[in-house]
Structure formats: structure tokens, C-alpha cells
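**Q** Could you use the hints to bring the two separately framed chains together as a complex?
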Amino acid sequence: MTIKTSVAGIGCGLLLAAGALVSLPASAAGSAAEGAKKNSMCIGCHGIPEYKTAFPHLYRVPKIAGQSEAYIVAAMSAYRSGERSHPSMVAIAKTLTDQDIADLAAFYARGGAR
Amino acid sequence: MTSDTFAVSGALRRLVLGGLVAACLGLSMGLAHAGNIVLGKEKAAQACVACHGADGVKAIDPSYPVLAGQYEDFLVRALTDYKTGARKNAIMAGMAAPLTKEEIANLAAYYASLPGPLKIIKR
Numbered sequence: 004m005t006i007k008t009s010v011a012g013i014g015c016g017l018l019l020a021a022g023a024l025v026s027l028p029a030s031a032a033g034s035a036a037e038g039a040k041k042n043s044m045c046i047g048c049h050g051i052p053e054y055k056t057a058f059p060h061l062y063r064v065p066k067i068a069g070q071s072e073a074y075i076v077a078a079m080s081a082y083r084s085g086e087r088s089h090p091s092m093v094a095i096a097k098t099l100t101d102q103d104i105a106d107l108a109a110f111y112a113r114g115g116a117r
Numbered sequence: 291m292t293s294d295t296f297a298v299s300g301a302l303r304r305l306v307l308g309g310l311v312a313a314c315l316g317l318s319m320g321l322a323h324a325g326n327i328v329l330g331k332e333k334a335a336q337a338c339v340a341c342h343g344a345d346g347v348k349a350i351d352p353s354y355p356v357l358a359g360q361y362e363d364f365l366v367r368a369l370t371d372y373k374t375g376a377r378k379n380a381i382m383a384g385m386a387a388p389l390t391k392e393e394i395a396n397l398a399a400y401y402a403s404l405p406g407p408l409k410i411i412k413r
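For the protein sequence lines, the chains are B and G, in the order given. Per the numbering used here, the very first residue in the first sequence carries number 4; after that it's consecutive. Per the numbering used here, the very first residue in the second sequence carries number 291; after that it's consecutive.
Only chain G is shown next, with the shape it has when bound in the complex (with noise of 0.2 Å):
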């Protein structure tokens, strides 16, 4: 009986626990990606809008994507994909190289806060 509920706090303080480290890894992971917009509109305007566009909406060639209000952690990923290489594209992969995990941060914060045409569709 004893063994058993000493058992059961065991495993309910390890799933606590377990919570905890979760909780601070998404906490930690969300502070990672929280970038700062002007600096990011900066960068943007050396790097991005000569293809992207001024606005990320209107861009030079119609199969490069609207940036303007895409969610900020997709373009994290993105970019970092083109970065390592895990994404593949001759021209984002020159663009993203010198790109430190700072500045990725605050091109994703800025592209996420512009205004555009992307939204969501239920069907």
C-alpha cells in the first residue's frame, strides 16, 4: 500500500516535473523568437525588398511569396531552412547565409507585423 502511493507520487512528481522543463523549453523557445520589428524593417530594406517588394506583398517575380503578414515562426523556420540548407533555392540560400539567428528573429517579426492578403480558409 505505502510502496503503491509512493509509487504514484513518483510518477505524478516525474509528469510535474516533466511539465515544468516543457513549460520553460516553450517559454524559452517563444523569448528565442521574439524579434524586434524596426530592426527588422532595416535589414529588410538592404536584403529583401529589391525582390520581395517594399511592402513584402508585390514582388519583381510571381513565384516568390507574399511575406506580409505570414506568421512569424513559419518565417523563423524558413529561413533557417535556407540558412543550413535544408531548404533549397540558389537565391535564398545567398540571402539567408550571412543572416545571424538575431536577425532572422527580427526579418520574421517585421514581415509578420506588415499588412496583407494572406489568411486563413476553413474550406
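Isolated chain B (complex conformation) (with noise of 0.2 Å):
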């Protein structure tokens, strides 16, 4: 009875192991016109061609209109995370919602077209 029920226990800590591990990444599913309304921090730097970054290193920020609408999904969900690292986006990815992502990536992905 008791080792049934710490059967039931663990396999219920498995569920719920494995449900919290499929809802890791921004699921919600993206709309490019709404995108289009919350791009205002992505265009100051995104937008003007051979901007460059300057700290930590210095290089020419990522065309990312036409990227892959997954990666751009993975990318924003890592630097949100702090999984990866670069002070501005990390500060503006913070304030993001899954949602705002999962827009603002349809919106890229698609070149910019609503």
C-alpha cells in the first residue's frame, strides 16, 4: 500500500516533471500584425543598417527580418532566460511576454510584412 502509493507519488512527480519541461518554450502562436505594434524596441538598432553593438564586443547587430520565426522565438526565450548573454537584450527580452515573442517573431519571420 505504501509502495504503491510512492509509485503513484513519483510517477505524478514525473508528469508534472515532463509537463513543466514541454511548456519551456514560448508556445503561444504568433500574430505579425501585432508584432508590428510592439517592435519599438527592436527598430533603434534592428532597424538602421550596419548599426553596430559596441559592448561588450564590438560587431554589426544580426539582420533579423526574414530569420527563421523558431529561432527568433529560441533566441529571445534564451536571452530572457539569461541563458544568453548581451546586456541590452537581456533587459529588453525581460520585459517581453511569451506572447509579445511569439509576435514579434511572426512579424520578423515574415520580413516585416503584417
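If you're looking for bench data, these hints aren't it; they were derived computationally from the structure. In this text, a Cβ means the ideal position worked out from N, Cα and C, and glycines have one as well. Mixed in with the good hints there might be a few duds.
[Said to hold, decoys possible] In silico DMTMM-like pairs for lysine to aspartate or glutamate, Cα to Cα no more than 20 Å straight-line:
{"#": "1", "chain 1": "G", "residue 1": "LYS412", "chain 2": "B", "residue 2": "GLU37"}
{"#": "2", "chain 1": "G", "residue 1": "LYS412", "chain 2": "B", "residue 2": "GLU72"}
{"#": "3", "chain 1": "G", "residue 1": "LYS412", "chain 2": "B", "residue 2": "GLU53"}
{"#": "4", "chain 1": "G", "residue 1": "LYS378", "chain 2": "B", "residue 2": "GLU86"}
{"#": "5", "chain 1": "G", "residue 1": "LYS412", "chain 2": "B", "residue 2": "ASP103"}
{"#": "6", "chain 1": "G", "residue 1": "LYS409", "chain 2": "B", "residue 2": "GLU72"}
{"#": "7", "chain 1": "G", "residue 1": "LYS348", "chain 2": "B", "residue 2": "GLU72"}
{"#": "8", "chain 1": "G", "residue 1": "LYS373", "chain 2": "B", "residue 2": "GLU86"}
{"#": "9", "chain 1": "B", "residue 1": "LYS41", "chain 2": "B", "residue 2": "ASP103"}
{"#": "10", "chain 1": "G", "residue 1": "LYS409", "chain 2": "B", "residue 2": "GLU53"}
{"#": "11", "chain 1": "B", "residue 1": "LYS55", "chain 2": "G", "residue 2": "ASP371"}
{"#": "12", "chain 1": "G", "residue 1": "LYS409", "chain 2": "G", "residue 2": "ASP345"}
[To be verified] Negatives, chain G to chain B, calculated, CB over 10 Å:
{"#": "13", "residue": "LYS331"}
{"#": "14", "residue": "LYS373"}
{"#": "15", "residue": "PRO388"}
{"#": "16", "residue": "LYS391"}
[As the list claims (entries may be wrong)] Ranges of calculated distance between the beta carbons of each label pair, as one might list FRET restraints:
{"#": "17", "chain 1": "G", "residue 1": "ALA340", "chain 2": "B", "residue 2": "LYS97", "range": "32 to 38 Å"}
{"#": "18", "chain 1": "B", "residue 1": "SER88", "chain 2": "G", "residue 2": "ASP351", "range": "19 to 25 Å"}
{"#": "19", "chain 1": "G", "residue 1": "ALA383", "chain 2": "B", "residue 2": "SER91", "range": "23 to 29 Å"}
**A** Next comes the structure, spelled out in C-alpha cells:
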């Protein structure tokens, strides 16, 4: 009885853990039209041809229009969690919800088409 | 008066010197990043195309980025950060670890040279 209960407990725990793992990536469906309204924080750097970030290294910020939607979601989620580091990208990503990230990814993946 | 003039010219001299040093640094950084496209293509065929696609556009997984036409210096940064561990990805860490600085520069030059869908949109 006690063994059965603990087995059931472990089973439930595993299910919960699996659920947590599955729900980690931002899974919201993105709207390009909504993304178009949310990109004011992006265009100051990513909207300027050849724009360079200076800290902590000097290089041109990547072109993001036309990039893969799932990759943009992965990149923004990694910045938000702190797994990927860049001071301004981390700060901006932390203000975004899963839905914001999905909308921005949909907008940029379509090359800016609303 | 004389000491004032001297102070100003000293400051000016330091400014000019600083500018020259900065310019030289910038130039050498630029040179360090000048990769060889042909060698980059060879390396890409061995290391990158299996996942990122033959053209650097159609990757085998949608969560992998388009590389074709991306800025060269950004690609250098990404590969260097994967190599040092500053940027974490289990697959890319393994791919970038054996790459030399030159190989990274060559790969970046090659992918930056390819045509692709990446572009800048202003708003």
C-alpha cells in the first residue's frame, strides 16, 4: 500500500516534471500584425543598416527580418532566461511575454509583412 | 599664457595620438576579420551544411537560424562565443570548439557572401 502510494507519487512527480519541460518554450501562436505594433524597442538597433553594438564587443547587430520564426523565439527566450547574454537584449527580453515574443517572431520572420 | 598654450597643444597631441591608436586598432580588427570565402565554403561543407542546409537558408530544424547573408562580424561573434562558452548551445559548442580564429573568419565570410532572405526593415 505504502509502496503503491509512493510509486503513484513518483509517477505524478514525473508527469509534472515532463509537463514543465514541455511548457518551457514559448508556445504561443504569433501574430505578425500584433508584432508590428510591438517592435519599437527593436528598430533603434535592428532597423538601422550596419548598426553596431559596442559592448561587450564591437560588431554589427544581426539582420533579423527574414530570420526563422522558431529561431527568433529561441533566441529571445534564451536572452530572457539569461542563458544568452547581451546587456541590452537581456533587458529588453525580460520585458516581453511569451505572446510578445511570438508576435515579434511572426512579424520579423515574414520579413516585416503585417 | 605660454603654459596655457602648451597645455592645450599637449591635450591636442594626446587626442590626435589617441585617434591614431584607435584607428590602427580598428584597422587591425578589420583585417583580423577578413575571411577567405573559398576556404570558408570548404569548411562549411564539412561542418555546417548538414544542419544549416546547403545554401545556409533551409536548415533541417526550424529553430536553426538562417546564416546566408548575415553580417560577417556577427557570425564571427556567434561562433567565437560558442567556442568560448559565452553562448551556450550543446550542438554549436561541439561544432565551434575545434575551429581556429581563421576558420571562424572564413566561415563568416562565406556565409555573409551568400544570398538569402535576411534584410533590414526600418519599422
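**Q** In ascending order, which of the hints set out earlier in this document are inconsistent with the structure?
**A** Violated hints: none at all, because every hint is consistent with the structure.
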